[in-house]
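Participant: Sequence:
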Amino acid sequence: MFTEIRNPYIFLNIFFLFTVNLLDSRTVMGDLGWIAYPKNGWEEIGEVDENYAPIHTYQVCKVMEQNQNNWLLTSWISNEGASRIFIELKFTLRDCNSLPGGLGTCKETFNMYYFESDDEDGRNIRENQYIKIDTIAADESFTELDLGDRVMKLNTEVRDVGPLTKKGFYLAFQDVGACIALVSVRVYYKKCPSVVRNLARFPDTITGADSSQLLEVSGVCVNHSVTDEAPKMHCSAEGEWLVPIGKCLCKAGYEEKNNTCQAPSPVSSVKKGKITKNSISLSWQEPDRPNGIILEYEIKYFEKDQETSYTIIKSKETMITADGLKPGSAYVFQIRARTAAGYGGFSRRFEFETSPVSVAASSDQSQIPIIVVSVTVGVILLAVVIGFLLSGSCCDHGCGWASSLRAVAYPSLTWRCGYSKAKQDPEEEKMHFHNGHIKLPGVRTYIDPHTYEDPNQAVHEFAKEIEASCITIERVIGAGEFGEVCSGRLKLQGKREFPVAIKTLKVGYTEKQRRDFLGEASIMGQFDHPNIIHLEGVVTKSKPVMIVTEYMENGSLDTFLKKNDGQFTVIQLVGMLRGIASGMKYLSDMGYVHRDLAARNILINSNLVCKVSDFGLSRVLEDDPEAAYTTRGGKIPIRWTAPEAIAFRKFTSASDVWSYGIVMWEVMSYGERPYWEMTNQDVIKAVEEGYRLPSPMDCPAALYQLMLDCWQKDRNSRPKFDEIVSMLDKLIRNPSSLKTLVNASSRVSNLLVEHSPVGSGAYKSVGEWLEAIKMGRYTEIFMENGYSSMDAVAQVTLEDLRRLGVTLVGHQKKIMNSLQEMKVQLVNGMVPL
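If you count by mature numbering (1 follows the signal peptide of the UniProt record, and there is no 0), then the sequence shown holds residues -25 to -1, 1 to 808, one letter each, in order.
Any given hint could be a false lead.
[Said to hold, decoys possible] EDC-like, lysine to aspartate or glutamate: derived pairs with alpha carbons at most 16 Å apart:
hint	residue 1	residue 2
1	Lys142	Asp94
2	Lys246	Glu326
3	Lys166	Glu215
4	Lys247	Glu328
5	Lys142	Glu95
Calculated directly from the structure, the hints in this document are not laboratory data.
Starting from the given sequences, assemble the full structure and let the hints guide the process.
Facilitator: Next up, the structure:
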């Protein structure tokens, strides 16, 4: 049936960063050594890939015969110490309905098995000794028409096996009457690759056997560094390093640079040169231990007792002149050297004093030179002003006759169009600092794109333009404010193709909609942090207009948590919260206020890394169902917004901290809606009167206290994001601190609104209550076991639930949490602060 198939199978050369291949049938040039039983079952057929390289393809198509039991056994595969392995199958399968006569014996599935063995002598065992992994079915099957077109529909399925306890294993594929071609088999395990983090080196680490397991790994300090706090990281099941704890510090005389410590020793000898009333010249010797080629020196100086206002000069020479100084004043100088490994330490302080102002002679004769100098200075100043004006004209209209005139009139001066930072010397660069308001190069500050007269200028300054031909849109995954949100792939020149998310601007947009749409890219493009969604670029020169970002496999955090209710450990949830806090610290440091921080605006990838997204509340939330109009105009997300932002539209990093507290509550309650079904007006009233959300069920007391700290009415009393990150790091380093849970009986009962559906009398029936908490599937079970009234339900215990067959932990928590709220009679769970 398959002998006529000669299609070139397309294989994507994907780089698996966190995987190690144990077997890849596509790369084996010789005999695979696989055995077919019986021999007239599976058959090896010579095929070629898209590069016409030979590949191993096994196929079987015994659909005309009854009672098929065809086995294909692999050779022994060493697991190299991995306790959990993955098998990726690529195959094609014939649609039974397309076969002549619609054969009733035809199947559209096959089975995969494995058998563990410490050596290569265990393959010839009985079939019943193999353990079944799964029944494999095709997402897409092919028909007779496809055979004619030579176009096969290639399926890819991945299964995992573990925990493995022996040195290796065999795989087996059983056909029971299908028409199938097994194109490739790839067997691999995942690992966290060796990495240097916080000056500690972590080795290659094979992931654990459990899909939710985090392996704690100790790091070793790099050369010239010592332990500050024992460095540790956790290797996730997906092969990514998570939750770093502790760090190493460079030894005295060394400075951190690119996760190393080999830096030059300090400059030890500084000599003064020529000193005038306005300048001081200095020279020095190269450090005793340069530890490499000196690339430049950095000279920091300031007026004595004025250390907060200082100047830095960079020079490639061992001498500089600091000018523009005050006469008769003392200045302090410090110098350090930089090699490829980074900066060394600053030298000790050297103090020098400028010359005092001399007393002028009183005779008329002595005044003549002063008058001459003054006139000369005046003429020069006038020439400079005229030249500056001409320079401005030149820059606006082109360097024509004006530049020629200047060259003739002032041949000794060099003129440039536009602004040029004055330098003492081509080898020197000067930067001024005052109370930290002017920062070193490399320290970025957020720039509001709305301050640009031309929004297109902001987009192209902060976002890379991508050719539309580089983007492949695969499927629609949602709808955004301006159009569809899709998943796809991006192939940039010289790089491997990788998955991306694509926001598109709907057809028929207005110019304002285009500006607002691209405004988010102008914001996002300024950020570079592992917990901030990364902008790949934009498409503006063709339609549709697109914003392209990294792809986050698990989507929005609130939806993801609801789907996986009760499935994560507390340490995993705290790791998610830590990532969000780290991203918000970065935004806060850049001077950016998010204004719409909520779990729905956090994206999460397959490694449970959370990233802050949706930078559009600089736009009005006209279409957001969570937003409400305020008395001062505009829409804001009431349930996540601080009271001062609701009342006075006072948005700051402190109001973002309030929102972060709500996100903490969302995470610990697995995506529960804040304030449940209370109206926005009731929420505003309750918060103003000092009521706060209760602790989610089974929430550590330390986390709930942090939530309450974030919800302080006085915004100055709320913690900063850097403090939140530190607090969470301490909790992660000390897991025992997360074992103390909030005591439900201590949560104060204080009714706030009379229509609250909390008490057992708020529901007319058990079924209505279960439907309200989305647990309606258990109504019949409750009724059959005598729980036919809300009074009876109120006495249910966790053991009762297990006895009733409610075995899912998330469902147990949801039901017990609802019962708990009934018992303490809280208004929608509100507690006074």
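Participant: Hint by hint, note whether the structure agrees.
Facilitator: Hint-by-hint comparison with the structure:
1. Lys142 / Asp94: Distance of about 7 Å is within 16 Å: holds.
2. Lys246 / Glu326: Satisfied, since the Cα-Cα distance of roughly 11 Å is no more than 16 Å.
3. Lys166 / Glu215: Given that 16 Å is the threshold and the Cα spacing comes to 8 Å, the pair holds.
4. Lys247 / Glu328: holds, 10 Å
5. Lys142 / Glu95: Roughly 10 Å separates the two Cα atoms, so the pair holds.
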